[in-house]
Amino acid sequence: MANPIPVEINHMKEKGLVRITWDDGHVGDYPRDYLRGYCPCASCQGHGGGIKFISVPDAKLAEISAVGNYAILFQWQDGHSTGIYTFEFLRALCPCPGCKESNPHAEK
Amino acid sequence: METVTRDLVLEALKKVEDPEIHRDIVSLGMVKDLEIANGKVAFTVELTTPACPLRERIHDDCKQALAGIEGITALDISFGAQVRGSKSGAGQTDLLPTVKNVVLVASGKGGVGKSTVAVNLAAALKMHGAATGLLDADIYGPSVPILMGIKEEPQKVSVNGGFKLAPPIAHNLPVMSIGFFLEPDQAVIWRGPMLGKALHQLMGDVHWGDLDYLVVDMPPGTGDVQITFSQQLKVSGAVLVATPQDVALADVIRAKSMFDKVMIPIIGIIENMSYFVCDGCGKRHEIFSRGGAQRAAERFKIPFLGEVPIIPSIREWGDKGVPIVVREPNSEVSKVFLQIASRLAGQLSVISETSRRAQSLKIISS
Numbered sequence: 082m083a084n085p086i087p088v089e090i091n092h093m094k095e096k097g098l099v100r101i102t103w104d105d106g107h108v109g110d111y112p113r114d115y116l117r118g119y120c121p122c123a124s125c126q127g128h129g130g131g132i133k134f135i136s137v138p139d140a141k142l143a144e145i146s147a148v149g150n151y152a153i154l155f156q157w158q159d160g161h162s163t164g165i166y167t168f169e170f171l172r173a174l175c176p177c178p179g180c181k182e183s184n185p186h187a188e189k
Numbered sequence: 003m004e005t006v007t008r009d010l011v012l013e014a015l016k017k018v019e020d021p022e023i024h025r026d027i028v029s030l031g032m033v034k035d036l037e038i039a040n041g042k043v044a045f046t047v048e049l050t051t052p053a054c055p056l057r058e059r060i061h062d063d064c065k066q067a068l069a070g071i072e073g074i075t076a077l078d079i080s081f082g083a084q085v086r087g088s089k090s091g092a093g094q095t096d097l098l099p100t101v102k103n104v105v106l107v108a109s110g111k112g113g114v115g116k117s118t119v120a121v122n123l124a125a126a127l128k129m130h131g132a133a134t135g136l137l138d139a140d141i142y143g144p145s146v147p148i149l150m151g152i153k154e155e156p157q158k159v160s161v162n163g164g165f166k167l168a169p170p171i172a173h174n175l176p177v178m179s180i181g182f183f184l185e186p187d188q189a190v191i192w193r194g195p196m197l198g199k200a201l202h203q204l205m206g207d208v209h210w211g212d213l214d215y216l217v218v219d220m221p222p223g224t225g226d227v228q229i230t231f232s233q234q235l236k237v238s239g240a241v242l243v244a245t246p247q248d249v250a251l252a253d254v255i256r257a258k259s260m261f262d263k264v265m266i267p268i269i270g271i272i273e274n275m276s277y278f279v280c281d282g283c284g285k286r287h288e289i290f291s292r293g294g295a296q297r298a299a300e301r302f303k304i305p306f307l308g309e310v311p312i313i314p315s316i317r318e319w320g321d322k323g324v325p326i327v328v329r330e331p332n333s334e335v336s337k338v339f340l341q342i343a344s345r346l347a348g349q350l351s352v353i354s355e356t357s358r359r360a361q362s363l364k365i366i367s368s
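Residue numbers (our numbering), protein chains in the order written: chain A, 82 to 189; chain B, 3 to 368.
Among the hints, erroneous ones may be present.
Derived DSS-like pairs: lysine-lysine, alpha-carbon spacing no greater than 25 Å straight-line [to be verified]:
1. LYS181(A) to LYS133(A)
2. LYS16(B) to LYS34(B)
3. LYS337(B) to LYS285(B)
4. LYS364(B) to LYS96(A)
5. LYS263(B) to LYS181(A)
6. LYS364(B) to LYS94(A)
7. LYS263(B) to LYS133(A)
8. LYS337(B) to LYS364(B)
9. LYS303(B) to LYS322(B)
10. LYS153(B) to LYS166(B)
11. LYS181(A) to LYS94(A)
12. LYS42(B) to LYS16(B)
13. LYS166(B) to LYS199(B)
14. LYS141(A) to LYS263(B)
15. LYS322(B) to LYS153(B)
By construction, these hints were calculated from the structure, which means they are not laboratory data.
My request is simple: use the sequences and hints to build the entire structure.
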């Protein structure tokens with residue numbers, strides 16, 4: 082079985098979260114601040130290895146677009162637009178209670 | 003009264019599987035123009051590529067499936083081909099809406115004969131009867147104009163009120179290359195954004211017309227051109243070209259891991275310079291060792307498309323601007339290329355069934 086890929090990405094503005102539905106049926110709700118904090122781009126993460134959470138409070142999404150066959154680009158209203166989130170990374174980041182335990186990036 | 007009915011025939015043909023896609027030919031919509039009159043049954047099987055390697059097998063399977071129906075007095079199965087599209091990439095603009103399949107010919111390292119394989123594959127697909135084009139995306143070392151013997155420049159043509167470039171036609175293939183726009187012996191010294199722009203123009207600003215396959219000769223490695231394709235342009239998949247020795251295979255594995263990462267399907271792997279048959283003694287010499295690419299294919303579960311021998315005439319005619327497949331269509335090496343083209347086309351038909359999966363991403367805001 083191939084790795085899961087998202088079938089729907091729903092920016093729920095009122096709730097301040099992004100709901101991702103995967104082709105294996107899994108659904109995860111990603112708070113905007115959480116997504117922004119885990120931005121994988123080189124200016125957020127540097128080249129030092131492990132993924133860090135960098136808090137950017139009150140992050141607002143400007144646009145969501147697909148990148149190729151493999152990733153999602155989140156553009157933020159403060160102009161930050163270099164984070165290309167691969168499907169694999171997004172899935173590993175899933176904050177739902179079931180995934181959170183095995184999430185290699187979560188620090189809480 | 004007619005005892006042989008449409009339903010009976012279609013029901014029986016549902017037992018015939020497309021050997022590559024592994025679904026029955028009726029639900030795949032491959033059975034066309036079914037006519038029944040006085041026990042005479044005639045229909046066309048619309049193959050997914052004119053280069054289909056399995057025509058005879060499908061013919062025999064149909065015959066066998068219908069053998070159980072009483073009252074069939076004659077059977078007439080003809081074959082047609084409708085190449086299916088297999089491009090994927092929810093995030094890319096489709097610069098080539100009239101091109102059904104875009105195949106990247108790639109490798110981890112230079113010097114494996116990628117361009118030679120690309121021009122001969124394109125020529126072989128064309129000989130199988132598929133509308134095929136050739137795009138030289140090797141920005142740093144555009145060798146396709148030489149290998150195809152093209153001297154003229156692309157001409158401007160008016161298309162739908164705008165201007166596009168008409169690609170020169172060589173050996174019945176429309177060909178485009180960055181090399182057409184360079185002075186001889188000039189190098190391209192560009193950073194990523196310029197390369198991306200040039201690629202967009204070579205695809206989108208060119209009047210390709212209706213093509214079943216566009217074969218793209220990639221630069222070696224995992225750099226800017228590869229990133230541009232993976233993020234911005236719709237492609238069907240990549241074919242990896244390798245030479246047999248271990249040190250070359252390490253680079254193939256790197257190329258594979260790049261395509262995996264950006265989720266571009268790998269259509270298969272081709273081993274080039276596999277062996278040399280001495281014209282003096284007839285002995286087969288395995289200069290770069292042998293079978294390495296095949297082992298890599300098995301290890302990574304990638305279809306192995308074939309091995310191309312070292313033959314001086316490939317080089318000789320390449321330098322003169324004639325692909326060997328065109329020059330010596332009945333030679334052993336041309337048969338190898340034609341067979342590889344068939345396998346490639348077959349794998350693309352398989353990919354066209356799965357590529358829909360990646361097309362379905364919806365991005366909404368509520």
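Broken hints, by number: As far as the earlier hints go, 8, 9 and 14 are violated by this structure, in ascending order.
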